[in-house]
Each structure stands twice: as structure tokens, then as C-alpha cells.
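Enquirer: Here's the letter readout for the chains.
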Amino acid sequence: DQQVKQNSPSLSVQEGRISILNCDYTNSMFDYFLWYKKYPAEGPTFLISISSIKDKNEDGRFTVFLNKSAKHLSLHIVPSQPGDSAVYFCAAYSNFGNEKLTFGTGTRLTIIP
Amino acid sequence: EPEVTQTPSHQVTQMGQEVILRCVPISNHLYFYWYRQILGQKVEFLVSFYNNEISEKSEIFDDQFSVERPDGSNFTLKIRSTKLEDSAMYFCASSDNRQALYEQYFGPGTRLTVT
Numbered sequence: 001d002q003q004v005k006q007n008s009p010s011l012s013v014q015e016g017r018i019s020i021l022n023c024d025y026t027n028s029m030f031d032y033f034l035w036y037k038k039y040p041a042e043g044p045t046f047l048i049s050i051s052s053i054k055d056k057n058e059d060g061r062f063t064v065f066l067n068k069s070a071k072h073l074s075l076h077i078v079p080s081q082p083g084d085s086a087v088y089f090c091a092a093y094s095n096f097g098n099e100k101l102t103f104g105t106g107t108r109l110t111i112i113p
Numbered sequence: 001e002p003e004v005t006q007t008p009s010h011q012v013t014q015m016g017q018e019v020i021l022r023c024v025p026i027s028n029h030l031y032f033y034w035y036r037q038i039l040g041q042k043v044e045f046l047v048s049f050y051n052n053e054i055s056e057k058s059e060i061f062d063d064q065f066s067v068e069r070p071d072g073s074n075f076t077l078k079i080r081s082t083k084l085e086d087s088a089m090y091f092c093a094s095s096d097n098r099q100a101l102y103e104q105y106f107g108p109g110t111r112l113t114v115t
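Going down the list, the sequences are from chains G and S.
Counted from 1, the first sequence has number 9 at position 9 by our numbering; the numbering is strictly sequential.
Counted from 1, the second sequence has number 110 at position 110 by our numbering; the numbering is strictly sequential.
To be clear, the hints were calculated from the coordinates, so they are not data collected in a lab.
Here a beta-carbon is modelled for each residue, glycine too, at the ideal position from N, C-alpha and C.
Watch out, some of these pointers could steer you wrong.
[To be verified] Now the stretches of chain G that chain S is said to cover, found in silico as 3 or more residues with beta-carbon under 8 angstroms:
#1 17–25
#2 39–52
[To be verified] Residues of chain G clear of chain S, computed beta-carbon distances all greater than 12 angstroms:
#3 V13
#4 T63
#5 N67
#6 S69
#7 A91
[What the hints assert, rightly or not] Straight line, CA to CA, 27 angstroms or less: simulated DSSO-like cross-link-like pairs of lysine-lysine:
#8 G:K71 / G:K54
#9 G:K54 / G:K68
#10 S:K57 / G:K5
#11 G:K38 / G:K54
#12 G:K38 / S:K57
#13 G:K38 / S:K78
Between the sequences and the hints, there should be enough to build the whole structure, so can you do that?
Expert: Right, here's the structure in full:
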């Protein structure tokens, strides 16, 4: 089941620069997309979401962009801070048929001071 | 800030034994979930629970698994006869909004090791 894919297992970014994390999906029935952040030995922490009817949602340093025609979304973090170093999971949700989040495999972001 | 809590943080058990993983969801939440993450793999949905019954379950959630809300605060996952492949991080999550069930808040997880 590869409905949500994060093709980059890791990413390193200089502090203060922009971090861009990418996610692709195959199921056009998804209604919401979410980004979660996970530190070691902790559960995923909800960061930001976007409805499939929008193409951008912004919350402070975090912006999610959705390109429905390409079935692609991205999370931009600007400026990147050392505390942003974590694993970031993309997840998707459909209003129809089930109540589950479908997760990608995660991207480990390392912010270099 | 309210949070989901889980106990124990780490459980070691022998194959064939029963385990119960415990969760205390955020107090005003009504929708509860269990997910698991096998080492190196994706976070996978197991089951959702609302109004004292299972609302959805995945193919992973077979007869060896059960969930219960024994009182007003706890939500438990029981594995009746553990197998080696049940070794994983188990995450409990909860949601409060029927209009936004996608906003699920996760606990820190229980690491289950089956030997």
C-alpha cells in the first residue's frame, strides 16, 4: 500500500534557510492532508493540515502547498531552526469509507547550526 | 496543554502471552484510535473506536486484537497471544471533532517487544 509516499528519507538544511519536504499521493479521494513531526521516543505531533479544496495553508513558519493535479504536497519551513530537527510524516485522510490516517514513510530533517 | 498519555512506555513479553496497552485520551475527545509502527516501516492504522464500539478496523486488527474503554478515561488495546511480528511501537490517538476527524492527537507510544 503506497498511497502516500515520501521519497526523500533524509534532508539536511542550514539553520535560517528554507526546508522543503515533499510528499506524493496516489488516491484522488483524499480530502485532507496533514504533516506530523516526530521526535525520538515521542508520538507524532500534529503540525498543519490542508483541505483538498485549497492549495495553500500557512501557520507561522510552516506553509503547506497542495498541487492536486500533480497529487503532490510540500511543507515549507522558513526560517529553519535547530528545534525543527525531527522526522516529518505526511498523512492523508478521506471522509468516505474509513476514519484512518494513511501515513508516508517519513523524512528525517536535520538542521545544521 | 492536554495530551494523550500511554502506559507502559516499554513492554517486553514472551511469545504467546497476552498484553494490554493502556491509553488515556484527551479528556473531552470522543474518537479514539490505535496505530502501530514496526521498526523502519510506516505508521499503520489498526482501529478506530467511538461510542463504545469499533467504527473501523484494518486487516491487521484480527481476532487476536481487541479494544475496550473500561471506564471514562482509559482506552486499552489487548493482544491475546502475542507473536514475534507484533513487536512495534503502538500509538494511541484521539480526536474531538466529528467535522475534523483527521486532526488526531497522538500519545508518546508503547514499545512492545515480543521475544
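Enquirer: Against this structure, judge whether each hint is valid.
Expert: Evaluated hints:
1. Look at the stretch 17–25 of chain G against chain S: 0 of its residues bring a Cβ nearer than 8 angstroms to a Cβ of that chain, fewer than three, so the hint is violated.
2. Given as covered by chain S, the stretch 39–52 of chain G passes the check, having 7 residues with a CB less than 8 angstroms from a CB of that chain where 3 are the minimum.
3. Against chain S, the non-interface label of G:V13 holds: every CB pair exceeds 12 angstroms, the least being about 23 angstroms.
4. Separation of G:T63 from chain S is adequate, the least Cβ-Cβ distance of about 18 angstroms exceeding the 12 angstroms criterion.
5. The claim that G:N67 lies off the interface holds: its Cβ sits roughly 19 angstroms from the closest Cβ of chain S, which is beyond the 12 angstroms cut-off.
6. Against chain S, the non-interface label of G:S69 holds: every CB pair exceeds 12 angstroms, the least being about 22 angstroms.
7. Distance check on G:A91: its Cβ comes as close as 8 angstroms (rounded) to a Cβ of chain S, failing to clear the 12 angstroms threshold; non-interface status is violated.
8. For the hint pairing G:K71 with G:K54, the CA-to-CA distance comes to about 13 angstroms; that is within 27 angstroms, so the pair holds.
9. Restraint check: the Cα-Cα separation between G:K54 and G:K68 comes to about 9 angstroms, which is no more than 27 angstroms; the hinted pair holds.
10. Between S:K57 and G:K5 the alpha-carbon distance is near 22 angstroms, which keeps this suggested pair within the 27 angstroms criterion.
11. Distance restraint check for G:K38 and G:K54: the Cα-Cα separation of roughly 25 angstroms lies within the 27 angstroms cut-off, and the hinted pair is therefore satisfied.
12. A hinted pair counts as satisfied when its Cα atoms are at most 27 angstroms apart, and G:K38 with S:K57 qualifies at roughly 24 angstroms.
13. For the hint pairing G:K38 with S:K78, the CA-to-CA distance comes to about 25 angstroms; that is within 27 angstroms, so the pair holds.
Hints 1 and 7, counting from the list given before, are not met by this structure.
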